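A.B. asks: These protein sequences, in sequence, are chains A and B. One point on numbering: in my numbering, the residue at position 48 of the first sequence is 48, and numbering is uninterrupted. One point on numbering: in my numbering, the residue at position 3 of the second sequence is 3, and numbering is uninterrupted.
Hints listed in this document are in silico derivations from the structure and should not be mistaken for laboratory results. Hints are not guaranteed to be accurate.
Capping the alpha-carbon separation at 25 Å, the derived lysine to any residue pairs in SDA-like fashion look like this [claimed, not checked]: (1) B:Lys36 / B:Lys51; (2) B:Lys57 / B:Ser73; (3) B:Lys51 / A:Gln95; (4) A:Lys19 / A:Lys71; (5) A:Lys36 / B:Asp83; (6) A:Lys44 / B:Thr27; (7) A:Lys41 / A:Val88; (8) A:Lys36 / B:Gly41; (9) A:Lys36 / A:Ser5; (10) A:Lys36 / B:Phe45; (11) A:Lys41 / B:Arg38; (12) A:Lys40 / B:Gln9; (13) B:Lys56 / B:Ser73; (14) A:Lys41 / B:Asn71; (15) A:Lys40 / B:Val44; (16) A:Lys41 / B:Lys51; (17) B:Lys36 / A:Ser86; (18) A:Lys36 / B:Lys59; (19) B:Lys51 / B:Glu15; (20) B:Lys59 / B:Ser73.
As the structure is a computational prediction, the values presented were derived from the model and not from experiment.
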Amino acid sequence: DTAVSQTPKYLVTQMGNDKSIKCEQNLGHDTMYWYKQDSKKFLKIMFSYNNKELIINETVPNRFSPKSPDKAHLNLHINSLELGDSAVYFCASSQGFRQGAGGANVLTFGAGSRLTVL
Amino acid sequence: GQQVMQIPQYQHVQEGEDFTTYCNSSTTLSNIQWYKQRPGGHPVFLIQLVKSGEVKKQKRLTFQFGEAKKNSSLHITATQTTDVGTYFCAAGGGGGNKLTFGTGTQLKVEL
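Okay, chain A solo, but in the shape it has when bound (with noise of 0.2 Å):
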């Protein structure tokens, strides 16, 4: 019974093709998250969704499209992939994303998904 489950766990692909990684969570959190972990360990969030709304969008190429279907669930397509989006992408959600007391911000991460551009 994961409680933040993302697929593929690898992918390998070439330069130029469109991927997608999937991600599912069954925790009942209302907030789910892209991070980014690059070779130097560097998490960097990339996109967050609240109730299937978009709320963060950090400055990420176009070629990133986020899909929120309902807030279970939160999908990442990546078109014209490049060598430099090579890294570990994870999914990660939380109760809410209002900062303060009370952990409604603590993040519960999924497993990773580890993407190889050639």
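Assemble the complex: chain A is given as a structure, and chain B must be docked to it using the hints.
C.D. replies: Quick look at chain B alone, frame taken from chain A:
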């Protein structure tokens, strides 16, 4: 935008030695969280600090939030090989509603 720096970036210790990682923000924070990522794994939540000067303990781990709410530290007493991993702070607030992750400290523990 908000920047969160962690030092050191890497730390090698002998088993039994103590370890500390420091987290510094350019802005005042509403809260700070700490996560641990084992090699090949994903970040796992450890703790959240909210109050100025707050200190929390989890067994051998001690977490502190600075008085000005701009810095935090994680101290591990008598490290064990199971402590190996990357420790991230994640800062909340600073004018936005998102968590900004620190640069991380990779800890290696040798026997």
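A.B. asks: Each hint: holds or not?
C.D. replies: Status of the hints after comparison with the structure:
{"no.": "1", "hint": "B:Lys36 / B:Lys51", "verdict": "holds, 21 Å"}
{"no.": "2", "hint": "B:Lys57 / B:Ser73", "verdict": "holds, 12 Å"}
{"no.": "3", "hint": "B:Lys51 / A:Gln95", "verdict": "holds, 21 Å"}
{"no.": "4", "hint": "A:Lys19 / A:Lys71", "verdict": "holds, 22 Å"}
{"no.": "5", "hint": "A:Lys36 / B:Asp83", "verdict": "holds, 24 Å"}
{"no.": "6", "hint": "A:Lys44 / B:Thr27", "verdict": "holds, 18 Å"}
{"no.": "7", "hint": "A:Lys41 / A:Val88", "verdict": "holds, 9 Å"}
{"no.": "8", "hint": "A:Lys36 / B:Gly41", "verdict": "holds, 14 Å"}
{"no.": "9", "hint": "A:Lys36 / A:Ser5", "verdict": "holds, 16 Å"}
{"no.": "10", "hint": "A:Lys36 / B:Phe45", "verdict": "holds, 17 Å"}
{"no.": "11", "hint": "A:Lys41 / B:Arg38", "verdict": "holds, 12 Å"}
{"no.": "12", "hint": "A:Lys40 / B:Gln9", "verdict": "holds, 10 Å"}
{"no.": "13", "hint": "B:Lys56 / B:Ser73", "verdict": "holds, 11 Å"}
{"no.": "14", "hint": "A:Lys41 / B:Asn71", "verdict": "holds, 21 Å"}
{"no.": "15", "hint": "A:Lys40 / B:Val44", "verdict": "holds, 18 Å"}
{"no.": "16", "hint": "A:Lys41 / B:Lys51", "verdict": "violated, 28 Å"}
{"no.": "17", "hint": "B:Lys36 / A:Ser86", "verdict": "holds, 22 Å"}
{"no.": "18", "hint": "A:Lys36 / B:Lys59", "verdict": "violated, 31 Å"}
{"no.": "19", "hint": "B:Lys51 / B:Glu15", "verdict": "violated, 32 Å"}
{"no.": "20", "hint": "B:Lys59 / B:Ser73", "verdict": "holds, 16 Å"}
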